[in-house]
Every structure is written in structure tokens, then in C-alpha cells.
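J.: Protein chains in written order, with this note's numbering: chain R, 1 to 430; chain X, 1001 to 1299; chain W, 2001 to 2311.
Worth double-checking, as some hints may not be accurate.
[As the list claims (entries may be wrong)] Partial list, computed: chain X residues near chain W (C-beta under 8 angstroms): (1) F1009; (2) F1017; (3) T1061; (4) L1091; (5) Y1106; (6) L1124.
[Stated by the list, open to error] Just a sample of chain X residues kept apart from chain R, beta carbon distances all over 10 angstroms, derived: (7) R1003; (8) G1043; (9) T1051; (10) R1099; (11) R1100; (12) A1101; (13) L1125; (14) T1128; (15) L1149; (16) F1170; (17) A1189; (18) G1243; (19) F1257; (20) G1281; (21) F1284; (22) G1285.
[Unchecked claim] Computed spacing ranges between beta-carbons, pair by pair: (23) R/T360 with X/Y1023: 53 to 59 angstroms; (24) X/P1012 with W/G2083: 49 to 55 angstroms; (25) W/G2167 with X/F1054: 33 to 39 angstroms; (26) W/F2090 with X/T1051: 57 to 63 angstroms; (27) X/T1051 with W/T2104: 44 to 50 angstroms; (28) X/V1026 with R/A64: 49 to 55 angstroms; (29) X/T1051 with R/K220: 33 to 39 angstroms; (30) R/A281 with X/A1015: 48 to 54 angstroms; (31) W/G2107 with X/T1051: 48 to 54 angstroms; (32) W/T2255 with R/A61: 20 to 26 angstroms.
If you're looking for bench data, these hints aren't it; they were derived computationally from the structure. A virtual CB, placed ideally from N, CA and C, is assigned to each residue, including glycine.
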Amino acid sequence: MTFRSRRTGTALVVGAGLLALAACAPSSSSGDGGADGDSTTLTVWSWRVEDKAAYEKIFDAYEAKNPGVTVDFKPFKATEYNKILATGLAGSDGPDVPQVRSYGGLQTTVASGSLVPLDDAVDLSAWDENIVAGAKGKEDGKLYSVPLARQATVLFYDKKMFADNGIQVPTTWDQFMSVNDTLLGKGITPLAVGAKDDWTLPIVHEVLGASRFGGAAFQKSVQSGEKDFTDPDFVASVDVLKDLEKYMPKSVTGVAVTDAMTLFSSGKAAMYPGGSYDLAALQTANPEMDLGVFQVPPAPGAPSGSEATTAGWADGNFAVNAKSPRKEAATKLVQWMATPEFGQMVADDIKQISAVPGVTYSDPVLKDVAANLDANGSPYLLLTDFRYGSPSGTDLLGKGTQELFLGSKDAKTVSTELNEGVMTWFEPTS
Amino acid sequence: MNRRTGLLFVTPALALFGVFVLYPMVTSFSYAFYGWAGTARQGFVGLENFTALFTRAPFTTDLPRALWHNVLFFVGTMLVQNTIGLTVAFLLHRRARTRRALQTLYAMPYLVSPIVIGYLWTLLLSPTFGPVNTLLTKVGLESWALPWLGDPDTALWVVILVSVWQWIGFPVLLYGAALGGVPDELTEAARVDGASNGQAFRRVVLPLLVPAIGTVSVLTFIFAMEAFALPYAFGGSTGNPAGSTDFLSLLFYRTAFDSGSTDAIGTSSALATLLFLLIFGGAFGATAVLRRHEKGITG
Amino acid sequence: MSVVPAGIGAADERTDVTSTPDGVLAPKGPSGRRGTRGRQKPVGGRTASVLLWVYAAFALVPLLLMLSSSFRSNGDLISDPLGAPWPLSFDAYREAWTAGNFATYFGNSLLVTLGAVLLSTTVSTMAAYALARGRSRIFRWLESLFLSGLMLPIHLAILPIFYLFDGAGLIDSRLGLALMYGASGVPFSIFVLTTFFRQLPAELEEAATLDGATAWQTFWRIMVPLVRPAVATVAVFRFVPIWNDFLFPLVLLRTQDKYTLPVGLTTFFGENATNYAAVFAGLVITTIPLIVLFLVATKQIVAGLTAGMAK
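Looking at chain R on its own, in the form it has when it is part of the complex (with noise of 0.2 angstroms):
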């Protein structure tokens, strides 16, 4: 390299660094336009990056009817959503309206002073009970947000291969467990399960085992502190997980949640347990497939009367902030989100299961989990009432469920070890 290269190289760098300064000086920030005359913008915040398109749709629809106001939704990386909110709030430049996380995980939000209460905003005591409880906040039982959306725990399956195989779907478990053997003899993995991925396993414990500990009878019983997770109905619930291990993919601990998908939509598996916001992801994986869902029946020995059950719990709520400038608005704008109108939206264009009561659904997947809720739905009782401390419910299950399927724990010590872990801080209502 000659000296004259060797000059013009750093000159240029030099030129390009000088240059990337001068862009850089603040800018002046376009996207929160202030309440100039009669038009104001809302900012939304939200974890949901993928739901981009459909929000701008639902929000054109509410700024068609209001006039003067403009709607910027922006959303984040979901995983990186619970910095990016705390610092936002605590800054001056947050969102209007932010979505935020439902039960244990709106806590710290709500003690930081960061939302409005709403309680004299919103009237949702028509709502599901176990959906608003992850709205209010713990200490003083104020409303804070309002819920977007239901999730449901769902086992998944594969229609063509369940009538390829001549397979009915299952309405006992020893129909059930026949179902594994039968799929199992013919080589394909019945349940396609990811346990590499510990936070996915307290819901894979709801979709096989809820009616095996009682569902939502046993969330009462917690709930008053009468019975807790060393109550052998739970114990005998993990147990059923260890039970059916030999009909998930070898090596289960080591298979991350994406390659079970990927094994389910590439038809290697039969059944997928997961959650409702799987499905748009299942279709999107494999268009063609023929998806069906159903509900696990009792394992043998669960309390009288258990039947068959759909987990449910409220998923993301919008709040208003504080310290946002625009309160009015936002808060008209947060009222329009407890409509059947909006509601309506979410189910069509979202795609889930909206918190709004009498919602109809046209996908048929979502429409028949809708239905479970309704008829047999009983609360995720881990994320539901047991994420309001830590250690949190859903990671000590999560933890101990993978050290189950190692063989290093057992259903009982696993158990005890939740108790203990919840206990530290759960204090039982009566």
C-alpha cells in the first residue's frame, strides 16, 4: 500500500465520521406531534411487531370516526417489550397508550404511578372475572388497563393425518392414550413437544393435565389457601406429563419450541400443545394443513365432576399513561378499545380471541377454542394468580417439569418445590 492510498483512506474515513455527526445532530422528533388546534396524535405502543398491518387497519377505522385524531401505532421486539416500556414511562417522550403486560407482569407498572386508573373510564363488569383480574392492580384492586384478548391453552392437531391413520378424536383417556400408541406404532411423534424452552412447559401442563388436577375448582381451593401445589391431584397432574414423555420427541429437553413446531406443520407430528397464539404462526408455517383442536380428557383418578377443560388468561392490555399530555384522548381512544367494535376487529384482523364479550369468529380453529372458553374454560392458574412475586409459578414449573423429563426430580419433589418457591410471597385471600 502506497502512502498517498494510505492517506486518502484515512481521509476518508475521517470525512465519513465527520459527516455522520453533523447528520446526527438531534433531530427534531416528528412522530410525537403535540395537540396543535384540533388534531392530535396518539401514540400506541405494543410488543406485537407481526400485528403491524392489522392495527393500522383497526386504527384507520377509529380515526375515520374521529376526526382530528391520528393514531401511530409502533411495536417493538416482544422479548426486549418490558425495558423498552419501563424506561418509556419513566421518560418524557412515552407512549399515550401502551399495551402492557396482564396480572403479575402489570405490577411494577402500575406501583411506578405510571398508569391512570379507569375505573370510572370503563365499565367491564360484564366481563369474565379471571380476564379483569389481570387488569387491576394487586395492592388496590383499581382497574388500570383494559384487555385486549384471551388466550386459551389448545392442543393442536393434524385432521388429515388423525382420518389418514383412522384416528377418532379422543373423549376418554384411555382413548387418548390409544391414539399415542397407535400414532406412535406407525412412527409418527404423537405429541410434539419443546422442552428446550422452559416457559412453554407450564402450558403444555395446563393443555394435558388441568382436568387431571380439577381445573378451575382447584384454582378456588388455592386461591383460599384450603388445598396448594402439594395437594396429590396436582402432584398426580405433573406425574401425567412424566407418563407421557415417551410419546414426545426423544431428547425432548434438548428440542427447542420452534423445531416442535416445525416437526407438527412438516407433518413428523401428530398433536402440538400450545396456545391460541400459535395458530396464526401454525398457518402461516404450513397453509395447507387441515388444523382441528381438542381438549384432553381427565387422566384417570381426577376429582369428581373434572371434565374435559380450556385454560384461559387475559393477554396484553392497553393502559393510559400518566404522564401523556393527550389523557382525554387517550383515554376516549381506550374506551373505544372495550367496544364490541373493536372487539369484533381483534377476532377478525388479529386474529385471537377477543376479551370482549360476544364476539363471533370466522376462522373455524379460533371459533372452536372461543367455544371451549366459553363452555369449559377454567383460569392458566400459574400465570393467573401465581406471577405476582418472584420466584413466579409459571418458572419454577417451567425449571422443574425439564428437570422431570431429565430424571433428576420426581412429580413430588417438583411440587413441594413450586409450593415452596410461591409461597415465599402468595398470601391467600380469605
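Starting from the known structure of chain R, arrange chains X and W on it as the hints suggest.
T.: Chains X and W in isolation, oriented as in the chain R frame:
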């Protein structure tokens, strides 16, 4: 250079460093001594947040385990990375034509973001679709086809080895450079006296490399204690499976951003403070020991 | 109190260098080692050669997999994750570059990274020179202060940093991001550069001062050219982590038009969770500039490190 001019030269760096690094860091340490409700600061609580780290679940189990993993990460990286790095550097020494090309190739993985590295290796090692196990089964080593990232016994070592794989370029470059500083006359003399290549290396070259090994050790220690991006890419913030790839930085991250308790900022800042003290103490201690050792051999 | 790791810190005492600009970084010796090296046989012979190349393949295979996957169609990738990339498909790149906004992210990354590296290298070179040459106690103390920064896990201070930026109106500003990165690079840059300045013989400056040069002229015209390999090394090694970082832009930027590549990439991940081919194309676009930079700069880096470790 006189003192005044010198200070003028230092001022821009000091200002930048002070405002954007020291000030936030010190502020962060101060957070550890206050109570918190979400992001709202409450009263002064003294050492309460620190005692919480040693008395409250989940810290009582997670903190010692994470610390142990950081230590294993350091020891494993030191042993494997130093051995491979030194061997490769020694073999590359005197290969004037291919040395730079190979050094560059070895350093390539360093250029790739840890998130991408985690994604790629998870794919390669997957028990369902991964080519590594497919290959092992094909060549008859079926018992070796383990659920690498799914078994607590192997997952941590996979993280350590992939980290070594990503960073191997550094020791190769550094040791290569240090070897370049060893006069050939010395090894020649040892060879003339009848020593083999290996003996010449052990008796003549290795002692002269102690300063370089010391530098690499201290940097590795800091690196191992701060380990975050790669474990996060492999096992998420909870150190899957069953917490076997949990590290102190991940525990901090979980405490600060994923926890349901409202005093998260206080406890997580206390954890950050402890982590800093650990790194600082360790690096300082190691440097002192190396200094003394070095004085011992150079007389 | 000093926290300089022993190897580098101690190098100055034993360095023996010539004083001509070109020879400064090569140890003095009548024949020069380069001359004798050719005559010595490489250790390990053929076997070692094979091993070294096998290891090189091991280092590269995952990266080649990423490259080949980016040239395949998504359907292909799902049914056979490791198939051959024939026929080549450039759709994934077209999609990432246009729909994925990668052109914008690319420009932002370049601006922020170059700005930050230029800033930290400039202030650090100045400071390192003073720290290496200053005799007053205060410089020892300042050096320790800077080097303690090597041990500060700065990502743990994300919240105070956010408040600081919020107060200064630097949220959603590329300038703010460049300042942040520039500052975080100071300890490492000073750590390396101080060592290099210490190796330069003091006679050079004494001669310059006798000729009537000011301190600045001595620094800029004589000293800086002599440590150029070190400056290049520092610049490249700072460039890589800044280019790859996604934590700070994620928290400090708001507008999509200002996103850097890693943040854009994570957004793109979210939008295309199942479009693996496009994701791989995004990964390749993110990585290529670093590889080019590294290939161009290797010569300087090797020279820089060699001088740093030589004794």
C-alpha cells in the same frame, strides 16, 4: 510533557468517559441503597437490597449456581482456549506464507453477532434436525448423539466451547505475536543441546510467554464474569435447560426486567454492584499475583 | 493502584526498538528475524498443516451454512435445513433489502459506528499519549480510573443511562448513541494505546521539542504516525461490538428510520419469524461489512498486536 499540557490532552476522554460511563454506573450503584416501587424511588434502605440477595428466594438458589457457572466458564475457557490458542499459534509460527490467511480465518467467528452464533449452533446441535447428530449416527457413534443443549451436563460446556470457538482468534493472534518476540537463537540453542520441539517449547518458550498468558487470563476473567450475549442466545434469560446455563448477568436481567416483584430495581442494582466488586477484585488480585510471578522469573 | 494486566503493562521496560519510522515496530537485530524465519522448518510439518486447515474449516462451516441458506427458498429450508443452495435464489436478499428496510438500517449503522469509533479513538489517542508520558502522580491515578472502566459491565446501567439521555434530549438521536458508544470504548482504547506510546523512545520528542515544535505538533506529526497500527487495531476491535450491539439502540432509539442493523434485524425477525431464508439474508447483510473491514485491516492488526506483545 508538563502536567498542564498532559491534562489538556486527557480532558476530552475524561469528560466523555465521566458523563456517559462513570456517572451512570455510579448512579446505578446508588440505586442499590434505596427502596423501589416500580421505577419510582422510595426511601434509603441501607443494605436491605444486599441482604435480600442472600436470604430471599429465588436468589438463595440462583445466585450461587449462577456464580458457579461463571467460574466454570472462566476455568473452562482458560484451559481450552489457552491450550488450543497456544498450540495453534505455535504450529503457525514460522509458516510465513499461510499464517496471516489462517489467522484471519480463525478470527472470522468473532465478527458475527453472538445472537446469530447462538441461532446457528442451536440449529446445528438440534436433536431433531441438527446435522451434528445425524453425522455422528451415520459414522456409527450413535451413543455420542446427545441432546447437547438439552442436557444440563453438556449444555454449559456447549456454551463454553462455542464461546471458545468464537473467540479463538484472539489468543492465536496474541500468542502468535508473543512467539514472534522470542528470539530464534534461544530455541536453536536448545535444539542444538538435543531438546525436541516439545521440550524446547516447554523449557524455553513457555516461560517467556508468561506475561502474554497473564494478559489473556485477566481479560478472560473479565469476559467470563460479564458473560451475557451468548448464554442468552442459547438458553434464554432463564438459562435453559433447568437453569444449567444460568449466569450472573442473566440473573441480573431476569431480576431487573422479568420479575413480578416491584422492588426489582433495588435488588438488581445490588446484584450489579456485587458483580462489579467481584470483577474488580478478581482482576486486581490476578494482576498483583502475575506481577509478582513475573518479577520472580525476570529477576 | 494499577490494574494494567501484567503482560502488556510490563512490555515497555524491555522493548528494544529502532528509531526510524518504518523500523519502530520491528525489533532491532542485525539480520532481522524475517530473514532467518524462511530457513527454519515449520513445527509439525504436513500433519500440522492439515490440522490447521481442518480447524479453519471448523471455524467457517457455520458461517458458510448461513451464507448458503440465504440463497435458498424458504420452502426448501424448512423441508431440508441443510440442502445445497442450487439453484441460487436471490429473493431473500431482495426482500430483506427493500421490504426489510435494510438499506436505511445499514446507513444508520455506518453513521453511528464510524462516528463512535472516530470519537473514542481520537480522544483516547490523545489521552493515552499524555498518560504514557506524564510523570505526575495524577496521571497514574487517571490511568487506573480509565482502566477500571474495562471492568464496568455498562449494560447493567441501562436505566441511569436512559434517564441521563432523557434529561439531555438525546433519546431517539443517533448522535446520542454515537456518544454513548464512543464513551464506552475509551477504557479499552486507552488500555491498548498507552502501552504503545510507552514503547516509543523519548528521544523522538526531545528532538522535536528542540526543533521548536509544540506539544500538539509533536503528538500529531510524530507520535500518531508511529502508533498507526495500534490505532487501526483499536478502531477495528471497537467497530465490531458497536456494529453488533442491539441493547442500546433498542432502548435509546424510537423511530424506525433511525434503527441500526441489529435492531432492524430483531424487528425483521419478529415480522418474518417463519421466513428463515429472509432472516439468513438479513444476517449475511449484517455480517458482510465486518468481514470486509477485517480483511482490509488484518495486516495492520497483526502488526499492531505483534508490536504490543513483543518484548
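J.: Identify every previously stated hint that the structure contradicts and give their numbers, smallest first.
T.: Violated: hints 3, 13, 14, 15, 18, 19.
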